[in-house]
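There are 2 protein chains.
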Amino acid sequence: MAVLELVGQKWMLRILWELRDAPLTFRALRARCDNVSPTVLNQRLAALREAGLVELGDDGYEPTELCRGLGDILLQLTDWSRRWEKERPAPADED
Amino acid sequence: MAVLELVGQKWMLRILWELRDAPLTFRALRARCDNVSPTVLNQRLAALREAGLVELGDDGYEPTELCRGLGDILLQLTDWSRRWEKERPAPADED
DNA sequence: ACCATTTGCTACGCTTTATGTAGCACTCAT
DNA sequence: ATGAGTGCTACATAAAGCGTAGCAAATGGT
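Sequence order for the protein chains is A and B.
Per the numbering used here, the very first residue in the first sequence carries number -19; after that it's consecutive.
Per the numbering used here, the very first residue in the second sequence carries number -19; after that it's consecutive.
Please keep in mind that the hints were generated in silico from the structure rather than gathered at the bench.
In this text the structure is predicted, and so the values were computed from the model without any measurement.
Check before you lean on any hint, since a few could be wrong.
Which copy is meant is left open, because identical chains are indistinguishable; a pair holds if it fits in one copy or across any two.
Think about it this way: if two alpha-carbon atoms lie no more than 20 Å apart in a straight line, the pair counts; the simulated DMTMM-like pairs of lysine to aspartate or glutamate are [as the list claims (entries may be wrong)]: (1) Lys(-10) - Asp38; (2) Lys66 - Glu(-2); (3) Lys66 - Glu(-15); (4) Lys66 - Glu45; (5) Lys66 - Glu30; (6) Lys66 - Asp39; (7) Lys66 - Glu35.
With the hints as extra help, turn the sequences into a complete structure.
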């Protein structure tokens, strides 16, 4: 299950999520991702580009056709997330 | 998108994936996850339990009802993964 | 040509997180 | 009591991430 290793890395899901509907420049994407350090962002984008999931176009980074299916799944994930946040036990205060 | 932070942590997707159809003991789960260090596994399981997604039953750790929907999404993710592995550009050799 | 702005991206020192091994406390069967 | 299984923790080391600063190239304005 190679995708779990790729997409299970920190920031990966977030990055793909932020690119879901419009291209973003490196800096804009960084801003969307809570100003993740450019070092990590670059590493992730490099991995995503090598995997053929993201490409750098004229308007910034955008998901490739290959990535569309993943986008749908991410949408379902966030749908599920909303339901989960309503039903989950503890309101997520840390200790 | 709180779920992205929870589930985007290292090993999280893998853990949920390994628990997809049968309960696993702490040690068995650890073995399935490439012998991830017990420190991290315990941290992740604690987070998943606090989130109400996983519980410790008589036969080991298992996803809760709340988690079922997520399981379906994970299945789709692995479906997508199989397609992706056929069509992706580089055969994933590291450098 | 010159300057300011924006682009993608890298370098560096520091903190956080993960790893790997060992082992504790507990339960249960023998 | 012994041995094997359980969940989980401690500790030192290695890896990953963070935050800030800044570089080189491209763009637009004067």
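Here is how each hint holds up against the structure:
| no. | hint | result |
| --- | --- | --- |
| 1 | Lys(-10) - Asp38 | neither (27 Å within a copy, 32 Å between copies) |
| 2 | Lys66 - Glu(-2) | neither (23 Å within a copy, 26 Å between copies) |
| 3 | Lys66 - Glu(-15) | between (29 Å within a copy, 17 Å between copies) |
| 4 | Lys66 - Glu45 | between (33 Å within a copy, 14 Å between copies) |
| 5 | Lys66 - Glu30 | between (38 Å within a copy, 14 Å between copies) |
| 6 | Lys66 - Asp39 | neither (37 Å within a copy, 28 Å between copies) |
| 7 | Lys66 - Glu35 | between (36 Å within a copy, 19 Å between copies) |
Figure legend: structure checked against the earlier numbered hints; hints not met, in rising order: 1, 2 and 6.
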